[in-house]
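Asker: First to last, the sequence lines map onto chains A and B. The numbering used here applies: residue 1337 is where the first sequence begins, and numbers increase by one. The numbering used here applies: residue 1337 is where the second sequence begins, and numbers increase by one.
These are calculated hints, taken from the structure and not from any lab test. No false leads were mixed into what you were given.
A short list of chain B residues far from chain A (calculated; beta carbon distances all over 10 Å):
hint	residue
1	Met1337
2	Met1419
3	Pro1420
4	Ala1421
5	Thr1524
6	Leu1551
7	Ala1577
Okay, the calculated beta carbon distance ranges per label pair:
hint	chain 1	residue 1	chain 2	residue 2	range
8	A	Asp1550	B	Glu1341	47 to 57 Å
9	A	Asp1536	B	Pro1367	42 to 52 Å
10	A	Glu1597	B	Glu1385	51 to 61 Å
Glycine included, every Cβ here is placed at the ideal spot set by N, Cα and C.
2 protein chains.
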Amino acid sequence: MGFLEKLTERQRVTGGILCVGLDPDLEKMPPKIASSPKPLYEFCRRIVEATSPYAVAYKPNLAFFEASGSSGISQLERLMAEMPAGIPTILDAKRGDIGNTARMYAHFLFGHLGGDAATVNPFLGRDSLDPFFEYPDKLPFVLCLTSNPGSSDIQMVMAGEQRIYQRIIVLLRRFHKPCGLVVGARHTPMLEDVRRLAGDWPILIPGVGAQGGDLHDAVTTGTAGGILPALINISRDVLYASQGDDFAEAAAAKARWYTEEMAKSLKRPPAPRKGPV
Amino acid sequence: MGFLEKLTERQRVTGGILCVGLDPDLEKMPPKIASSPKPLYEFCRRIVEATSPYAVAYKPNLAFFEASGSSGISQLERLMAEMPAGIPTILDAKRGDIGNTARMYAHFLFGHLGGDAATVNPFLGRDSLDPFFEYPDKLPFVLCLTSNPGSSDIQMVMAGEQRIYQRIIVLLRRFHKPCGLVVGARHTPMLEDVRRLAGDWPILIPGVGAQGGDLHDAVTTGTAGGILPALINISRDVLYASQGDDFAEAAAAKARWYTEEMAKSLKRPPAPRKGPV
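Looking at chain A on its own, in the form it has when it is part of the complex (with noise of 0.2 Å):
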């Protein structure tokens, strides 16, 4: 099964839309984990294991495995392998280079550790892209438009009639196979915007919870009124709901409020459009 197919199937299962955000953060963890052998792995285990009912994605955070180099990325290895089957996971990577790098990085994320997809930044251009599109069942995420004050400086910025974001979907919705798209929760209008662009294409929507974005809204966008596919990332409102060790279940009862609030906006009508892109 592809990575949309799973998706479907767990949007199905869960009634939500909750991609939860895979970020272990050994200053955050309960120290009695964060001071075992392997605590990314071990964090991670028991945070999928208790949230597995509602996810419908799981989204590593390569940057938070790196920090522990060799060791750290072993740590992913081993999580990836034990994955639950049919809940599909997204790599979040950023990786952007080209030529023979970029076949590199495609390999190491489709191929080594095994994900359904992964997210990439466009800044490098389409050719940078190419060899994410190779993989087939595998979906490439572009970075689009992030909810960073910065995503003014390149992202936001008007070239003629475009916003750069906006010239990124044109361009991609001109040149390659169906992928998704990363667009922070915190632009609700330029969301609309984008899921207008997007046509049926998956949005990955983090910014919602710690980082201010409202749910509701960016549920009933991002999905277009329930009928479009799109995630919303939580990381470390569910990750971090407990630092004692009652933390994996805390992890699933917060999981589980944002999946029911999620299935609530899903069946109400979309929220007024707020204003101008």
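Start from chain A and add chain B according to the hints.
Answerer: Below, chain B without anything else, positioned relative to chain A:
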């Protein structure tokens, strides 16, 4: 010693500005090395040993190590730990992300691996770059203009009066401490333009050799006639000068040839400007 002091000293010693890119490819290295237990480490170690009289810096390409997973990163860790003192390293990783994730990547590259410099991707804007500026003596090289066809998709786009790559340099000069810039050698008029906008910041120039850029143009334009810091990166042309048992000697001969050519160019006046930017 910081990156720039090491670089200046190496230019004095070698007479050139050759950065040797370490892209260890199992399919291109001698089969005897490729089938050894730690082929990436072994190949790079032999290349570094042979070319160290000529290199002003080494640029390990993270993708070629990651493609072998935790084993590849473990080999990179060992290689980095054994790099000759006094020759600076530029970790070619092109990472870019926000907040805590960017901090994790900076820790991996500058803290864990101990690189003197690293390439970073500016697509997420200024706050995504901040963590890479927080390490004293370490230098981020910001991607500016690459030499592949896709550079026209974002980097070369006109935004008002400026192209995006020009905007990036202007923003960096306004908001950040000194950094390096990455500019492909195939764009000589743009390289001249970058050199003008970048003040005395160092420029890392890939795209000469296998990628087709002119060496003399790149050296004289990048250094503004020999007075400002620049590095010309050569990877494949040096690494795979021979696929036989003499690969290290062949690499040394190629590195020596490049260094001698660069030394000649540094003593000659810059080429006349080729045309408008």
